[in-house]
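Enquirer: As a plain string of letters, each chain reads:
Number of protein chains: 2
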Amino acid sequence: MIYTVQVKVMPLKDLLDPQGKAVMGGLQNLGLNTITDVRIGKHIDLQVEANSKDEAIAAAEVAAKKLLANPVMEVYDVTIS
Amino acid sequence: MIYTVQVKVMPLKDLLDPQGKAVMGGLQNLGLNTITDVRIGKHIDLQVEANSKDEAIAAAEVAAKKLLANPVMEVYDVTIS
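If you're matching them up, the sequences are chains H and P in order. Here the first sequence stands for residues 34 to 114, where the numbers follow this note's numbering. Here the second sequence stands for residues 34 to 114, where the numbers follow this note's numbering.
Rather than coming from a laboratory, the hints here were simulated on the basis of the structure. Incorrect hints may appear among the rest.
Since copy identity is lost for identical chains, a pair holds within one copy or between any two.
In silico lysine to any residue, SDA-like type, Cα no more than 25 Å apart, as pairs [what the hints assert, rightly or not]:
1) 46 x 65
2) 99 x 34
3) 98 x 108
4) 86 x 69
5) 46 x 100
6) 86 x 106
7) 86 x 105
8) 99 x 88
9) 54 x 66
10) 99 x 55
11) 75 x 47
12) 98 x 52
13) 54 x 36
14) 86 x 51
15) 98 x 63
16) 46 x 75
17) 86 x 49
18) 98 x 44
19) 98 x 70
20) 86 x 48
21) 75 x 114
22) 46 x 59
23) 46 x 80
All chains should be built: construct the whole structure from the sequences, respecting the hints.
Expert: Structural data, given as structure tokens:
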């Protein structure tokens, strides 16, 4: 069966997020002053062939650890729908 | 009150996703053959100052429409936690 697994990769809380800062500036120039902080990461949709949800999540965890996220700068979060 | 609103921006289904294709190749080189498709988009966390959830979502929708997503190539999805 094919499962859709979602991996969210975000910059670590303590690190600067220059892309987020740039977007923040853009939003303020547009007059959207109610938005006080922006952080930008990646959203990755994986189609995983597996026999169970747990197996699909395990495959996505391996992918996230080995390739999708850089643990020095990012945290990841795997969910399945 | 400060609400955390999440905006997911993904490339349109019918468009090529070169970043996803590249990661797909990388995963296959690592031997992760159970993953059959990869699509990569952006995940944006906004901190929004608003009086209600609806107001926070509305502000995020405006931000997504005006700046965060390019409607020619991307779809966006706003959720609040």
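Enquirer: Checking each numbered hint in turn, tell me which of them this model violates, lowest number first.
Expert: 6, 7, 14, 17 and 20
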